[in-house]
Every structure is written in structure tokens, then in C-alpha cells.
Amino acid sequence: MFQVLSKFNPKQDEVKMKKFNLNILYRQMVLIFTCLTFLCVGSAWASDFNWRKYEGTTIRGMFSKSAFSAIVKKHIKQFEKLTGITVKAEYYPSAPIRRKLVMELGARNKDLDVFGGLMKTAYQYDTAGWLEPLDKYVNNPALTHPDYDFDDFSPRTRPIIKGRLIAIGGSGNPQFLTYRKDLFQKYNIQVPTTWSELEAAAKILKKNLPKGQFAWVARMNKENTAPFGSFLYSNNGSWLDKNGKPNFNNRQSVEALEFYGKMAREYGPPGAANIGWKEVVGAMAQGKAAMTVEISIFATLVWENPKRSKVAGKLGYALTPAGPSGSSKIVLPINVTHISALSQKKEAAWFLVQYLTMKEQLMDNKLKGAITLRGSNWQDPRWKAIDKLPELSKLQAEAMKIGKVGYEIAISRFTEARPILQRVLYTAYEGGDVQKKADEAVREIKKLITE
Amino acid sequence: MNESSPAERLLDYVDRQVRWLFSLPAIIVMLCLFAYPLFRLIWASFTNELLSSSSKPVFIKLANFSRLFFEDDHFWRSLWITLYFAVGSTVGQLMLGMALALFLNRQFKGEATFRMMLMFPIIATPVAMSLVWSMLMNPMMGHLNYYLSWLGFGGSLWASDTATVMPSLIFVEVWHWTPMTMLVLLAGLKSLPREPFEAATVDGASKAQVFTTITLPLLQPYIFLLLLMRLVHGLKVFDKIFVISGGGPNRASESLNLMIFDQAFGATNFGYASALGVQLLFVILLISIILFKFRQRKWSY
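Chain order of the listed sequences is A and B. Our numbering puts the first residue of the first sequence at 1147, with every later residue one more than the last. Our numbering puts the first residue of the second sequence at 2, with every later residue one more than the last.
Honestly, the hints are just simulated from the structure, not real lab data. Only a predicted model underlies this, so the values are computations on that prediction, with no experimental measurement involved. Treat the hints with care, as some may be off.
Going by beta-carbon spacing under 7 angstroms, a handful of chain A positions derived as facing chain B [what the hints assert, rightly or not]:
#	residue
1	G1202
2	T1203
3	A1241
4	R1245
5	V1248
6	G1252
7	N1255
8	T1267
9	G1275
10	K1368
11	P1416
12	G1417
13	A1419
14	T1561
15	E1562
16	Y1572
Label-pair ranges, simulated between beta-carbon atoms [what the hints assert, rightly or not]:
#	chain 1	residue 1	chain 2	residue 2	range
17	B	L34	A	K1547	48 to 58 angstroms
18	A	R1198	B	S55	33 to 43 angstroms
19	B	R41	A	K1234	26 to 36 angstroms
20	B	F35	A	I1532	57 to 67 angstroms
21	B	Y37	A	K1234	48 to 58 angstroms
22	A	E1236	B	W44	23 to 33 angstroms
23	B	L137	A	G1202	46 to 56 angstroms
24	B	D16	A	K1234	46 to 56 angstroms
25	A	T1232	B	P26	33 to 43 angstroms
26	A	P1416	B	F293	38 to 48 angstroms
27	B	V133	A	G1433	35 to 45 angstroms
28	B	A113	A	K1234	47 to 57 angstroms
29	B	S55	A	I1548	29 to 39 angstroms
Yeah, the Cβ is synthetic: ideal placement off N, Cα and C, and Gly gets one too.
With the rest of the complex left out, here is chain A:
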């Protein structure tokens, strides 16, 4: 204790304290200086971004016609004013645009810079070398506005093939079970969560509905593979295994095929074999069908619109019921915008893609009913104030987090594989030997992949 006291020297300690304080001050100054340096460099980078960098450039874009085309047109006009870039924009319905794109890009047309598409066709385009990877643009502060906030896009909805970002996804279209709440109440039916419950509900409806009304409606024509994805994944089935080889002849997938076919055959309207999305939309809107599994934009744009539908306000939404071997999954088709790898004006093209997918622009779409892929859009008070279908919105927001983007068979020769898969589904609809047909189809698709 005395030894300790004897070491106590107030003068020496004061000097030490001063040195210590100076040290802290010095360190703080270095810290502040470093921060300032980073801030300055940061602002210098940010200030490197200039919307008018490609002023005077003309680019050409091809976009799908949709309920949101008017907003896209408005945004393109704003973009032209902001950047001085002229956009020659063309709009085509979704099927013709795919054919036109194949023709133009297949002919190595360098004149096309930006084009809209769907994730299912991206594999084919990517294999053909038509898609410009966008990672380098997103990560370049000189080309991307500091407010772009790419992290705002839900990671599950980013269009990535082989580790490369091949587009920016603007909006999605999750599929859900849509049912007539009023009829469910009338016949005392619980919302189905499993396939057996779904079939039981269909049985009750079929027994009770008047002539001309049907318990179930779903696509069975050339588009049948799209909604079928919900059933496939909800039974733990798959198109391809982890090595990319077709395996939809496994037990879970065959169960899904058989169930999808059975629902259309036994509970659907007559002539279900040629029903496409237009017929599904019409049947639901006119009150001819009581249940379906479809993309939810139909609900927003048609079924819940009293001017276009007889069942507005009478519909309920739920996850696709789970199969005996799986759990409910949400299938999430997404609409994307690509830059052509053949384009000579890729930076200007990126400016357009970027502008169309910024928070405010996508928010405009959201306020008109689009199911946008930016997380911030869903939290925006403007949206919350006008959301008329909170039950559906909740499911849609959930889809952004857990939805499965790749719902079709993800191979480059998708367009050739699809008719093969359609035939298997048709066999299921006819009540034929699904396992045999699926085995044959797997062999055919293996051949397509290896050719």
C-alpha cells in the first residue's frame, strides 16, 4: 500500500493526462479527416453521375403491352427530358414481342438496345448470347444514380443466371388460390390448405352450383405449364434436379401432374382442354367458376373491378394448397427489362433501364396496381393509403420474400420443351398413363439438352 502511495506523483500524472488528451484529440482529428476524405470522395463519385452524360444519343426499346404501358410511356417522356436521350419505343403484345425479339436478335440486329421480357425466356436469350450482364453497371457509381438503391430489390426476385444479373425485374405476378368467399360461406366450406381439402371443396361446389357454373377453372391449353408450377412446387416436385437434368417423372411431380389434370377434368367446365388465361379471367369475372389458381394481377385489374367483374368484393385469396408430399409454395413470375448484348449504346440503354426501375417510377406503377419488386414500395404510406385489397397485398408482399421465380423449366430450349410438357399435362387431363408419358417426356427433354 505504501509502495503504491509512494509511486503517486501528481505532476507526472498531469503531464501524462495532457499527453493522453492530446493523443485522443489527434486520433479524433485523424478520424474526422478520414471521414471527411471519404465523404468528399463519395460526393465526387456521386457527382460523377450525370443524367445528361449521353445527351443526343438515340436508343431503341421494345416493350410488352400491358395495363401499365401508359405509365411506361409517361416515364420514357420524362426520361427523354431529363437525359436528352431520345428513345424510340415500340410496344407489342406479349406473344408477338417474343417472336419479334427472336427475329431481330437472331439476325444480330445491333439497332435494338433495350427490351422487356419474362424470366422464363431469359435462359434461351442468355444461351444465345443476347443478354448484357448488368452487374458492372449497377456497381459503377459513374453510371448508377446514388439514390438507385439496388439493395431495395428483394434478393429472391433478382434475375440472375449463372451468377450474372441479366436484367432488372420491375414487377412480379405471384400465383395464388382465388376463391369465391360468398360461395364458401354459403356452403360452409373452409379455405383449403391441402389438395384433399381443395378437392373436397370442389366436390361440394360441383354438387351445389347451378347449371353453367363450375367449381374449378384452370389453364389447360398451351399455357398450362405456368399455373401448374404452383402445384408442382407445392408437392415438392421439380422440373430439373440439382444438376439441371429433367426429373419431373419422379413421384412428387407425377402426383402433381395427375392432380392438376384431375381437377380440370372432374371439376372444370366442359372443353377445359383449350382453356387459356383469357378464359380463366372471363370465367371468374362472370361468376362462372368458383376457384382457380392464377396470377394475382388479374384480381387487381379485373376481378376486383366492379366495372369489369360480377364478383368484385366476393373473392378471397390464399396460398396454393399443399400436396401430400410438400408444403405451400408461391410461384412468382417476374417481368424484366434487358439490355441487348449486341447494342452499341449500352450505357445510354442502362440509363433508361435504371430510370424505369427507380423507386419513384416503380411507385407510380404500384399506385396503379402493379406488383412491384422494390421493398420500399410496399412500405410507402401512399400505397398503404389506397390499398383496397390488404388480404391480397399481404400475400403479394410475402411472395416478394419467399416466392419462387423460376416456375417454368429453366433450360435454354424452353420453347421446344414446353410443348412436350404440355402433352404430359394433357395426358393427365385425359386420365391417361401420366407416369409413362412423363418418362417419355423426360427422355425427349434430355435429348434436347444434350443436342
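Given the coordinates of chain A, assemble chain B onto it according to the supplied hints.
Coordinates of chain B only, in the frame set by chain A:
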């Protein structure tokens, strides 16, 4: 003997050769619009040209044709669908057209109005008209089944069933083009000479005899023209099938033209689509040659 000067000979030569100069634009147009596409089609049918591929097409000899004849079951089905549609619709149009032409080949009140009304289907745009028919034939929401049920008939699945899709498509084609065949046959009937008919009446021939032994042989050029036109048109059909059934259900109405379209613009397989195109061309040529040979046989009055 008058010896012409070199200048005159030159002028004479230019005068004789100038015909080539005048026909040159037509030749260029023919080469660009007919010969080149045909050559390109035939060339592509021997390659593995895939639009969605960055590699150049490779000459693969007869591989596309081998696949088409021996591996692709749907080719034969598609060929049958094409022939079924072409023959079925042509026979329907000619028979109905003839009946209408005979009916209108006489004076009655309102004949002109009736004839004009019959022309409406021809005026209609094929795609718009096909859309209307696809809605009318919808088994769930269509008007046809609704009115049939009024009359006490059970509804049909029309274009939504593999068994009824082809008759339904043929029905629409017959509805669309019968007025045209009627018009041509009516023009033919009006231009026939009166004498053979008067002679037959004097000889006491029945109406059926007059029709089979005089009217039909005399109308033979018109019937032949219609047969050729309608058959070729039927073989090339695309719009109606595309809009009404989309080739379905389960490809039950996928004609050769639709198959070509799907292969070319869906699968982007231009090589194989070209091979199919060559086959369609061959079928059309074959049928035209057979018809012309048949025409050369003396079947005239």
C-alpha cells in the same frame, strides 16, 4: 443489196436488246421476292440453323428430312390435319356454293339484297371474324351452345375437344368462303349459253339430268379454278386455326403451317422449320400438278 451503216446496225442491235432493259425491273423483283426466298428456304432446310444460337449454321445434309419423316410423329399427323382441312373445307364450299348459286340463278324478289347479305363474311377481317367465332364456340360462355340448348339440342365442345375441333374449323372456313365460290359459280351460270338447256328441255330431260350432263360440264372451268384456289388456300391456312384453337387441344388441329410457325418463331429452329416448309411446298405443287393433269383430260361438253 442495201448495206446498213455501222451506226444503223448499232441502233438496230440496241433496239433489239432494249427489251431486256425494260424487263429488267420485273426480273430483279422476281429474283429478290421469289427466287431468293425460295433458294434460302431450300438451303436452310439442309442446315441446323438455330436463331437463338451464336454459332453459324452447319450443313447437315438430309438430317432435317430424316427427322421429319422417321422421328417426328407429329409431322404425319400435321400433314393429315392439313389435308383434312383443305379437302373438307373445299368440298363444303363447292357444294354449298353451288347450291346457293343455283338458288340465286333465278329472278325473285329481294334477290339482290339476299346476294349482298351473303357477301358479308368475305368482307370480314379473318382474324376479327375468327375471334368472334372462337367466342361463339366457347363451350362455357359461348352463344352457340346457349341457343342450341334453347332448341333442345345438347351443346358441343366445338374447338375445345380433339374430336370436334377439325369439323368446327372447317365449318368456319366454309362459312367464310362459300359466298366467294357462290359468286364465281353464279357468274359462270349466268354466262352459260341458253341453247343446250333449251334443247334438253325439248328432249324431256329431267332437272337432275340437265344438271349432271349440261350444267356441270359447262361449269367445269369455273369449278376447276375454284378447286385449285380453295385447295391451295386450305393447305396454307393459318389465321383461323391460330386464333380459334391455337393448334390445340393437344395439337389436334396443328396444321403444317402452324407447325412451321412454332418451329421457326417459338423454337427458333429455322433449319427444321425450312424443311417443313419445303414439304408443304412439295404438297401444294403435287396437288396442283395432279389437278392440272386432271384438267387436261377431256371432261368438257
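Where does the structure disagree with the numbered hints, that is, which hint numbers, in rising order?
Result: hints 1, 2, 3, 7, 8, 21, 27 break, sorted rising.
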